[in-house]
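Please construct the entire structure, taking both the sequences and the accompanying hints into account.
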Amino acid sequence: MEILENRDTWYETFRNNWLAHYLETGQVDWTRYNRPRNTRAPAGPGVDLSKSKLILISTAGGYLRDRQEPFDAENDLGDYTLRTFPSSTSFSEIAFAHTHYDHAAVDRDPQVLLPLRHLEDMQREGIIGELASSVISLMGYQPDVTRVLDEAIPAVVEAVKREEAQAALLVPA
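Quick note on numbering: my numbering labels position 137 of the sequence shown as 424, and the sequence is numbered without any gaps.
Be careful, since some hints might not be right.
Claimed, not checked - Restraint-style ranges between C-beta atoms, simulated for each label pair: (1) E451 - W317: 32 to 40 Å; (2) K448 - P323: 20 to 28 Å; (3) P373 - N303: 40 to 48 Å; (4) R404 - Q355: 40 to 48 Å; (5) A360 - P323: 17 to 25 Å; (6) H308 - A360: 17 to 25 Å; (7) P459 - T296: 30 to 38 Å; (8) R319 - P459: 18 to 26 Å; (9) D396 - D295: 38 to 46 Å; (10) R327 - S420: 30 to 38 Å; (11) N304 - P332: 33 to 41 Å.
What the hints contain is simulated information worked out from the structure, not anything from laboratory work.
Here the structure is a predicted model, which is why all the values come from computation and not from measurement.
Cβ coordinates follow ideal geometry from the N, Cα and C atoms, glycine included.
Structure, rendered in structure tokens:
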């Protein structure tokens, strides 16, 4: 099953409308953006979370303030890279480089977008078998879906494989 149905048609419309307007004017115009639409959701078999290693994936743009480069949050064309950091990281070590959402809630409580301590509680309670040792972090502002498919998703899949996780929790920003 394709992750994005009619990929070529989507990209052609994106290139000729949103991207062409941006390259011509330097302005982002979301009325010109064609949101991807699938008729079926890609899915796989279910897993028993109580016996699975779960990895947290966040699109909040989190990174280790003193050890990693921040995401390029000001890039109107997006940043398709990812950062990983230990799931045991203290919230005081994490910053959020993402200018496309209101940071008020995450500034008050980072767990709204990185529920790490909640997941640790769930592991202790046996709701999940194990919390992966790493978090996968991306910046969710990524307007070119083909770059998500070709760059971001393969990097995420590789990070999940390294962790040998059977389940993932995606927390969008």
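Results for each hint:
For E451 and W317, the hinted distance range of 32 to 40 Å is satisfied, since their beta carbons lie about 39 Å from each other. For the pair K448 and P323, the beta carbons lie near 25 Å from each other, so the given range of 20 to 28 Å is met. Judged by the Cβ atoms, the range 40 to 48 Å given for P373 and N303 holds: they are separated by roughly 43 Å. Take R404 and Q355: their Cβ atoms lie about 21 Å apart, and the range 40 to 48 Å is violated.
Distance hint for A360 and P323: a CB-CB separation of about 22 Å, consistent with the stated range 17 to 25 Å. Taking 17 to 25 Å as the suggested C-beta distance range, the pair H308 and A360 conforms, at roughly 21 Å. Distance hint check: the CB atoms of P459 and T296 are about 25 Å apart, inconsistent with the given range 30 to 38 Å. Taken as a hint, the range 18 to 26 Å holds for the pair R319 and P459, whose Cβ atoms sit roughly 23 Å apart.
Between D396 and D295 the C-beta distance comes to about 42 Å, which sits within the given range of 38 to 46 Å. R327 and S420 have their C-beta atoms about 34 Å apart, which keeps the hinted 30 to 38 Å range intact. Checking the proposed 33 to 41 Å range against N304 and P332 shows it holds: the Cβ atoms sit about 38 Å from each other.
When each numbered hint is compared with the structure, violations occur for hints 4 and 7.
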